[in-house]
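K.L.:
Sequence:
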Amino acid sequence: MTDIKSMTSAELTDALRGMGEPAFRGKQIFTWLHRGATSFEEMSNLSKPLRARLSEEYEITVPRAARRQVSQLDGTIKYLWELADGNCIETVLMSYHHGNTVCISSQVGCRMGCRFCASTVAGRVRDLRASEMIDQVLFTKLDSDREISNIVLMGIGEPMDNLDTVLRFLTLVNDPDGLNIGMRHISLSTCGVVPGIDRLAELGLQLTLSVSLHAPDSETRSRIMPVNNAYDVDELFEACHRYFRKTGRRISFEYAMIDGVNDSDAQADLLAKKIRGMPGHVNLIPLNNVVESEFKPSRRVAAFQSRLASHGITATVRRSLGGDIDASCGQLRRKAMAEAQARVASEGRKRT
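The numbers in our numbering rise by one with no breaks, and the one at position 304 of the sequence shown is 434.
Calculated directly from the structure, the hints in this document are not laboratory data.
Quick caveat, the model's predicted, so the values are computed rather than measured.
By construction, the Cβ of each residue, glycine as well, lies at the ideal position given by its N, Cα and C atoms.
Any given hint could be a false lead.
Restraint-style ranges between C-beta atoms, simulated for each label pair [unchecked claim]:
#, residue 1, residue 2, range
1, Asn359, Thr444, 28 to 34 Å
2, Glu172, Asn310, 30 to 36 Å
3, Arg329, Glu187, 30 to 36 Å
4, Asp364, Asp294, 25 to 31 Å
Input sequences plus hints: build the corresponding full structure.
P.N.:
This is the structure in structure tokens:
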């Protein structure tokens, strides 16, 4: 069956014309889907025969909230969504003074292997469909009863590793007849996939590009981020400068502060040198403790920030949200997987 929610409004219009229906039916169905309809029977302004035919030819994705954790500290909500095939992904809803931001996943798991990240521990299982990305925004909005003003693609997965689908998602979420979230309210994060950055530059979208940098030198970056072996940090910075020259848009550099690894004054100096020439912003991230990781949070966040400021580089420290609910990317999914494995092992022991 065809995944109808991954279709654009124009594609739906063409499909309905092909069924002998008037063009406006496509827009009606698109609106129903992006308001949260979970079956064609709910689409009351469609004829019964059309609803029956749609049910035979198309499927509507509907995730199940396998877990929902609410922070008692700041109201952050973390969802573990179970997909139709049984795989799980994470979505986090965070509230700021400027509105509500939803952080969504782009893949089930991740193959990039960043050593401080829980998302990559079990590797990549599969890419998400555009509908499954839309569902994270849509059903988070419906479940929480909060309007979503901003989206960050910084959850599980590498968006540039699923870029065609991510671009389709962006078209869908930007549609005025759908969730209608503007590009300027969307941030797309990459760990440094250079061809994806160049492709995004050519498209000229008005979103914010966030680069998960985490080290300004190749020796350190290769130690913590295997992607650096494919796209060296200097090659990455060259792509970032090309992106700025092409789009005129400021890049945000994400920098997880790791104790004794990437937090020296010399590394701050090198980072400032490589950013020079474009209006980059550095987002310093206090590292979350991940059980499987050897790395620990830096004790030099303020000193590193001050050093960057001495070079005229704007650097802010990310506000830590949801610390009491496994809000760090991948932690909740990893915990659910471990519990499932433990249940299987326990059932196996009972049978023997």
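K.L.:
Cβ-Cβ distance between Glu172 and Asn310: within 30 to 36 Å?
P.N.:
Given about 21 Å between the Cβ atoms, the range is violated.
K.L.:
With respect to the beta-carbon atoms only, verify the hint that Asn359 and Thr444 lie 28 to 34 Å apart.
P.N.:
Since the Cβ atoms of Asn359 and Thr444 sit about 30 Å apart, the hinted range of 28 to 34 Å holds.
K.L.:
Tell me if the beta carbons of Asp364 and Asp294 are separated by a distance inside 25 to 31 Å.
P.N.:
With a Cβ separation near 28 Å, Asp364 and Asp294 satisfy 25 to 31 Å, so the hint holds.
K.L.:
Holds or violated: 30 to 36 Å for the Cβ distance of Arg329 and Glu187?
P.N.:
33 Å, holds
Hint 2 alone, counting from the list given before, is not met by this structure.
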